[in-house]
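Colleague: Line by line, the protein sequences give chains A and B.
Take any residue in the first sequence, count from 1 to its spot, add 195: that is its number in our numbering.
Take any residue in the second sequence, count from 1 to its spot, add 534: that is its number in our numbering.
Hints listed in this document are in silico derivations from the structure and should not be mistaken for laboratory results.
It is possible that some hints are incorrect.
[Stated by the list, open to error] Pairs of lysine-lysine, DSS-like flavour, derived with a Cα cap of 27 Å:
(1) Lys575/B to Lys554/B
(2) Lys554/B to Lys598/B
(3) Lys638/B to Lys276/A
(4) Lys589/B to Lys276/A
(5) Lys589/B to Lys600/B
(6) Lys638/B to Lys589/B
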Amino acid sequence: GQSLEQPSEVTAVEGAIVQINCTYQTSGFYGLSWYQQHDGGAPTFLSYNGLDGLEETGRFSSFLSRSDSYGYLLLQELQMKDSASYFCAVRVTGTARQLTFGSGTQLTVLP
Amino acid sequence: GAVVSQHPSWVICKSGTSVKIECRSLDFQATTMFWYRQFPKQSLMLMATSNEGSKATYEQGVEKDKFLINHASLTLSTLTVTSAHPEDSSFYICSARTGTGGEKLFFGSGTQLSVL
């Protein structure tokens, strides 16, 4: 099976930068994704890393180190609307491409 | 972007009744859809993978006879919670990939089920 670890809560102020880490244990790793979910809402895709390195999408960046089984999501210029839960998710090879999600990190952005 | 529509958004039912949840891909065809379950403040737990025209693949520990999945067309998958009990109360979310969206998973808006 797969297991993912990420911090349960992170708090930061508007305009700041925050990094949410994710470590995983899995066999047949294929890639790491990040999703955002506001309370009561559906998860929305943020980023994907299939190879080592940094992927940048606007204020959000994601990093992956396959050798360390580690990745992170970096959120810059935090805004109040960024308050949400953030999930890392792994996809493994040889499957129907389903994802296994981490437990989620609740980000609270303070004014 | 791709749209996944899920209905109903919320449902309240009595214990022992069955509830059907629909998941539709509105602007793309989905040969595979995924059904997740989420408890408050917790992760999304994969319940099953729905395959168009064939049987669903259930995750370990998920009762096939309780959570019936039908994927009769390329745009519709349904999840029926049979003989629902209070412990089945949860947030159920479906998801799918488009053929060209790469690794991006598109989610429905979810269904909050409350069993009294």
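Colleague: Hint by hint, note whether the structure agrees.
Modeller: Hints, verified against the model:
For a cut-off of 27 Å, the pair hint linking Lys575/B to Lys554/B stands: about 24 Å separates their Cα positions. Distance restraint check for Lys554/B and Lys598/B: the Cα-Cα separation of roughly 15 Å lies within the 27 Å cut-off, and the hinted pair is therefore satisfied. At roughly 22 Å between alpha-carbon atoms, Lys638/B and Lys276/A fall within 27 Å of each other, so this suggested pair holds. Taking the CA atoms of Lys589/B and Lys276/A, the gap is near 40 Å; set against the 27 Å cutoff, the hint is violated.
For the proposed pair Lys589/B and Lys600/B, the alpha carbon gap of about 15 Å is at most 27 Å, so the pair holds. Restraint check for Lys638/B and Lys589/B: satisfied, since their Cα atoms lie roughly 24 Å apart, inside the 27 Å limit.
The structure fails to meet hint 4 from the earlier list, while all remaining hints are met.
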